[in-house]
Every structure is written in C-alpha cells, then in structure tokens.
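Chemist: Sequence:
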Amino acid sequence: MTGAPGTGTLLSLDSLVRLQRGRQPRAVPRRLPVPDGMTAPMGCDAVAVPARLGPLVLPRLPRVGCVYADEAHWWWLVPSDSDYALEWPAPARYATGAVLPDAGAPALPGLIHRPDGTLPYTPPIPLYLALCRLTGTAPAWSRPVIA
15 MTGAPGTGTL LSLDSLVRLQ RGRQPRAVPR RLPVPDGMTA PMGCDAVAVP
65 ARLGPLVLPR LPRVGCVYAD EAHWWWLVPS DSDYALEWPA PARYATGAVL
115 PDAGAPALPG LIHRPDGTLP YTPPIPLYLA LCRLTGTAPA WSRPVIA
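Throughout the sequence shown, residue numbering follows the numbering used here, covering 15 to 161 in sequence.
Keep in mind that a hint or two might mislead.
[Said to hold, decoys possible] With beta-carbon atoms standing in for the labels, derived distance ranges: (1) Ala152 <-> Pro76: 17 to 23 Å; (2) Thr132 <-> Pro76: 17 to 23 Å; (3) Leu24 <-> Ala65: 51 to 57 Å; (4) Leu24 <-> Leu122: 42 to 48 Å.
In short, the hints are calculated from the structure, not lab data. Note that this is a predicted model, so its numbers are computed, not measured. Quick reminder that beta carbons are idealized off the backbone N, C-alpha and C, glycines included.
Based on the sequences and whatever the hints tell you, model everything.
Modeler: Next comes the structure, spelled out in structure tokens:
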C-alpha cells in the first residue's frame, strides 16, 4: 500500500502485526527430556499428579518408565496420544509433548526413576487405572452412557 506522493510507504495491518509479533520474545516451552541413551519412537507425552499421590501410584504399576518430580508434582512419561479416548482423572494433568505448564519455575523437575532398557515409557493403561483407583474415579469405559 502506498500513500500520497512524498509521504513514504504505508504499512498494511498485516505488516504491523508481523512487526509486533517479531518484537515480542517467545517463551521457550519447558519440556521433560528423554534421558541420554533412551529413545522415544512413539513420541512423548507426560501425566502429572500431585506429589502426595506419586508414592501411592508407584507400587500399583507393573512397569515404571521415567518419572520426574518436583515439590508439587510427579510426572510420568507416556507414549504420545495416551490421552486418546481417555479422560485422565482429576487431579491428574495430561501434558501433550511432555511440555510443562508455565508456572514460573525455571528449573525442570528432577529424574527420580529411570527404567532399565532404552524406552522411557510407563504403560498408560496401568497408570490410568492406578490413578482412577486412587482418585475414586470409574474408568471411562465402565461409565454409563448418557444419551
């Protein structure tokens, strides 16, 4: 878009928006890392539970993958799309891409359990069932269908 002679070039609204976006610093997402020597061929998501529930979940699982913890939460790495057709019971939180919510804490949770082998995953169905039992929530497939 051009203006009157001698006034220079006017910028379109799209150009102004692009310029403004370019000035805003982009937050780098905090992501739980896959430990060195491990691979995640199915991608990685994470399931978080309040720290008070973490020690109660561990003994209920037949296999435990990578588990991270901080003062507030314990995080389990699960294969990507482990939320497909599942409603994880509250207070659990599902984190696509193992991206942590921006809670202002710059430090990542520490790795407190690393499994043998090269896969970092906790099987999602046993984790889901353990969380349902601890929270008193019926698994999604056993709830009555409401039309």
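Chemist: Now, for every hint given, state plainly whether the structure supports it.
Modeler: Quick rundown of the hints versus the structure:
no., hint, verdict
1, Ala152 <-> Pro76: 17 to 23 Å, "holds (21 Å)"
2, Thr132 <-> Pro76: 17 to 23 Å, "holds (18 Å)"
3, Leu24 <-> Ala65: 51 to 57 Å, "holds (56 Å)"
4, Leu24 <-> Leu122: 42 to 48 Å, "holds (46 Å)"
In this structure, every one of the numbered hints holds.
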